Amino acid sequence: MDQSVPLAAAGLGKKYLRGWALRDCTLSVPAHRVVALVGPNGAGKSTLMGLATGMTSATAGSIEVFGERPGGRGVHPKLAFLGQHKPLYPQLTVAETLHLGGRMNPTWDQHYARSLVERAQVPLTAKVGTLSGGQRTRVALALALGKRPELVLLDEPLADLDPLARQQTLHTLVREAEQTGITVVLSSHVLAELQGVCDHLVLLNRGSVQLDGEVAHLLAAHRWLVGPPGQQPRGPAPVVDVQSSARGTAALVRAAVSQVPEGWRASAPSLEDVVLAYMRSNGEGVAA
Amino acid sequence: MDSALSAHRLVKSYRGKRALDGCEFAVPEGAVTALVGPNGAGKSTLLALAAGLLKPSSGELRVFGERPTGRTHPQVGYLAQNRPLYGRLTVAETLRLGRAFNQRWAQRRAVQVLDQAEVPLDARVHTLSEGARTQVGIALALGREPDLLLLDEPLSALDPLARDETLRLLMGEVADRGMTLVMSSHLLSDLHDVCDHLVLLIGGAVRLTGPIEDLLAEHRVLVGPASRAASVDGVVQASSTERQATLLVRGESVPEGWAGEQPTLEALVLGYLRAARAR
Amino acid sequence: MIEYRIDKRSGVATYMQIIQQTRQALRLGLLVPGDRLPTAREVVEATAVNPNTVLKAYRELEREGLVEAKRGLGTFVRRSLATAQTAPGSPLRLELAAWMDRAHHAGLSREDVDALYGDVREERYPTGEGQF
Numbered sequence: 001m002d003q004s005v006p007l008a009a010a011g012l013g014k015k016y017l018r019g020w021a022l023r024d025c026t027l028s029v030p031a032h033r034v035v036a037l038v039g040p041n042g043a044g045k046s047t048l049m050g051l052a053t054g055m056t057s058a059t060a061g062s063i064e065v066f067g068e069r070p071g072g073r074g075v076h077p078k079l080a081f082l083g084q085h086k087p088l089y090p091q092l093t094v095a096e097t098l099h100l101g102g103r104m105n106p107t108w109d110q111h112y113a114r115s116l117v118e119r120a121q122v123p124l125t126a127k128v129g130t131l132s133g134g135q136r137t138r139v140a141l142a143l144a145l146g147k148r149p150e151l152v153l154l155d156e157p158l159a160d161l162d163p164l165a166r167q168q169t170l171h172t173l174v175r176e177a178e179q180t181g182i183t184v185v186l187s188s189h190v191l192a193e194l195q196g197v198c199d200h201l202v203l204l205n206r207g208s209v210q211l212d213g214e215v216a217h218l219l220a221a222h223r224w225l226v227g228p229p230g231q232q233p234r235g236p237a238p239v240v241d242v243q244s245s246a247r248g249t250a251a252l253v254r255a256a257v258s259q260v261p262e263g264w265r266a267s268a269p270s271l272e273d274v275v276l277a278y279m280r281s282n283g284e285g286v287a288a
Numbered sequence: 001m002d003s004a005l006s007a008h009r010l011v012k013s014y015r016g017k018r019a020l021d022g023c024e025f026a027v028p029e030g031a032v033t034a035l036v037g038p039n040g041a042g043k044s045t046l047l048a049l050a051a052g053l054l055k056p057s058s059g060e061l062r063v064f065g066e067r068p069t070g071r072t073h074p075q076v077g078y079l080a081q082n083r084p085l086y087g088r089l090t091v092a093e094t095l096r097l098g099r100a101f102n103q104r105w106a107q108r109r110a111v112q113v114l115d116q117a118e119v120p121l122d123a124r125v126h127t128l129s130e131g132a133r134t135q136v137g138i139a140l141a142l143g144r145e146p147d148l149l150l151l152d153e154p155l156s157a158l159d160p161l162a163r164d165e166t167l168r169l170l171m172g173e174v175a176d177r178g179m180t181l182v183m184s185s186h187l188l189s190d191l192h193d194v195c196d197h198l199v200l201l202i203g204g205a206v207r208l209t210g211p212i213e214d215l216l217a218e219h220r221v222l223v224g225p226a227s228r229a230a231s232v233d234g235v236v237q238a239s240s241t242e243r244q245a246t247l248l249v250r251g252e253s254v255p256e257g258w259a260g261e262q263p264t265l266e267a268l269v270l271g272y273l274r275a276a277r278a279r
Numbered sequence: 001m002i003e004y005r006i007d008k009r010s011g012v013a014t015y016m017q018i019i020q021q022t023r024q025a026l027r028l029g030l031l032v033p034g035d036r037l038p039t040a041r042e043v044v045e046a047t048a049v050n051p052n053t054v055l056k057a058y059r060e061l062e063r064e065g066l067v068e069a070k071r072g073l074g075t076f077v078r079r080s081l082a083t084a085q086t087a088p089g090s091p092l093r094l095e096l097a098a099w100m101d102r103a104h105h106a107g108l109s110r111e112d113v114d115a116l117y118g119d120v121r122e123e124r125y126p127t128g129e130g131q132f
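If you're matching them up, the sequences are chains W, C and A in order.
Per my numbering, numbering of the first sequence is gapless, rising by one per residue and ending at 288.
Per my numbering, numbering of the second sequence is gapless, rising by one per residue and ending at 279.
Per my numbering, numbering of the third sequence is gapless, rising by one per residue and ending at 132.
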């Protein structure tokens, strides 16, 4: 029951007819961070967000939003959620959409919501149905942030957006997070875009947490080792994933700089390298 | 080098509206081309024309020197954006259909794609995720052993691991058979290592095209005093704070008082997209 | 033996990374004359890059006289860049390793070490001098 923790789960499980979507999931999202929620399709990312909003209820374990269990009174007042399908009414204008946002949310900052839409250069008089995908995302984002939440969950906010809209949406999120201190959790499949944007990362794989930590720490805690073919790097460093060919072996290990085994060369991985290695290891790798 | 795909004053109109408006470009054989642009720029229309599913309204499009004749050229493989597949067939039945409809058919290649993506052969297509349907579509297209492969947003529904594996597989085909690949995508970070040729489509016209390396070498990102931004030639796009201006310029010279370097592919494309937006 | 690792975020062109990593391996004695470089196919299998880019890098290395392409056989190393001073176990290398151990012991971060090394290198080897 820690009210300062935006999102925490302990032993969280969710079972659907076809099986467990989340299982024994334990994590804690620190406040004032931009958090990347990544993992293969079907890893449980959307399920986790659904549980946090109280739209579905847990089969096992617990989940808390600012120390409270979701459900009962609807979405936690400090929480905003933007789903994959960005539910907006196409026949309403942008201004009408924001007005509706004001009516539906007990807390609402009309000035702020309007400024977000204006900064995105979306005309207030345009009907939502006539907007581009990027513009619709910015309106949906204004709707979510206009509530002045302390935690916002975004499920694949960049999916289907073109390059410019992707970049501008990410910029907006980072700027707002910086200026308001809001905690942002966003799921995405494009890891290269997340490095430099997110400061915390949670990797879900097959329904459980495979990696959870500050991005800088995760990067510092892993090394690429390249060495002779047909060998595994020996030494104390746990191996996450090995790829070998006739020419050599490349392994991602969980180790600090000073522990390079004889005959191997070490280099720093990118965030994408680390996440892909854990995903390849298929949940059987080293626990974080 | 011969062109695998080229367009000359290519126009395609739907109900009087021009989806493509005078496209000019040529993709050399063996190149890996990124087809990039905002949503609605005409990328899917262009690929459907190249696949022979649509006819140009005017101008011409050539595939290995020939004009498409209302059916897909035998050397061409095509993955459409809506992934047209029969939902009630199993994956194995879908491949059998591929074999029946194609003179040239590499079953092993098609199965390999699906194995790698862990798509079960006995699953019915309608039960598959969007990502798995994409993999079935790619398997069908590669099963034809095409010399030119056209992929419309192949990466959008794939998770990171699936994207990495799919790109490796496609690059393997380029290495093994010299296949020409044209793919549309919004994921510039994925295209950077994989593509050597660019077609940037904005509002139905080709805004920028050529070998990526040449395009990067022909542009500079200049950083300097905002007060002197107006005196710089060849500016594609400018952004500035009170004092400092950042300019994307076409041209290799760096004026005195400015710091200049080659743009990345991402910076180049974003610069042109921003410029088009501002107009 | 060489396994290329392409860093997408470095801003350095992919073919240049391949060239630099090959030169580095030649300098460290990890590649010696007669060694075969991986085929474009093998590089593509290990890391999703464009095979045309790999071939372009090899052509550049061939132009520099470091490797030669033998038709149907592959691309082979012609010339080493290793000297007694750069090979593993050389006195200079061991001294640098000892220096880094001391830096590590003194609590310097990776960035600190890079900055320090880069600074001294700039001082002793002004830009443009003795490159490649």
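Treat the hints as calculated values from the structure; they're not laboratory data.
Quantities reported herein were computed from a predicted structural model and do not represent experimental measurements.
Glycine residues also receive a C-beta, built at the ideal position from the N, C-alpha and C atoms.
Treat the hints with care, since some could be wrong.
[Unchecked claim] Some residues of chain A that are not near chain C, with every Cβ distance over 12 Å (derived): (1) 44; (2) 48; (3) 52; (4) 71; (5) 76; (6) 99.
[Stated by the list, open to error] On the chain A side, residues computed to face chain C include the following (Cβ under 8 Å): (7) 8; (8) 10; (9) 53; (10) 62; (11) 80.
For each hint, the structure was consulted:
{"no.": "1", "hint": "44", "result": "violated, 4 Å"}
{"no.": "2", "hint": "48", "result": "violated, 4 Å"}
{"no.": "3", "hint": "52", "result": "violated, 5 Å"}
{"no.": "4", "hint": "71", "result": "holds, 16 Å"}
{"no.": "5", "hint": "76", "result": "holds, 19 Å"}
{"no.": "6", "hint": "99", "result": "holds, 32 Å"}
{"no.": "7", "hint": "8", "result": "holds, 6 Å"}
{"no.": "8", "hint": "10", "result": "violated, 10 Å"}
{"no.": "9", "hint": "53", "result": "holds, 6 Å"}
{"no.": "10", "hint": "62", "result": "violated, 18 Å"}
{"no.": "11", "hint": "80", "result": "violated, 27 Å"}
Comparing the model with each earlier hint shows violations of hints 1, 2, 3, 8, 10 and 11; every other hint is respected.
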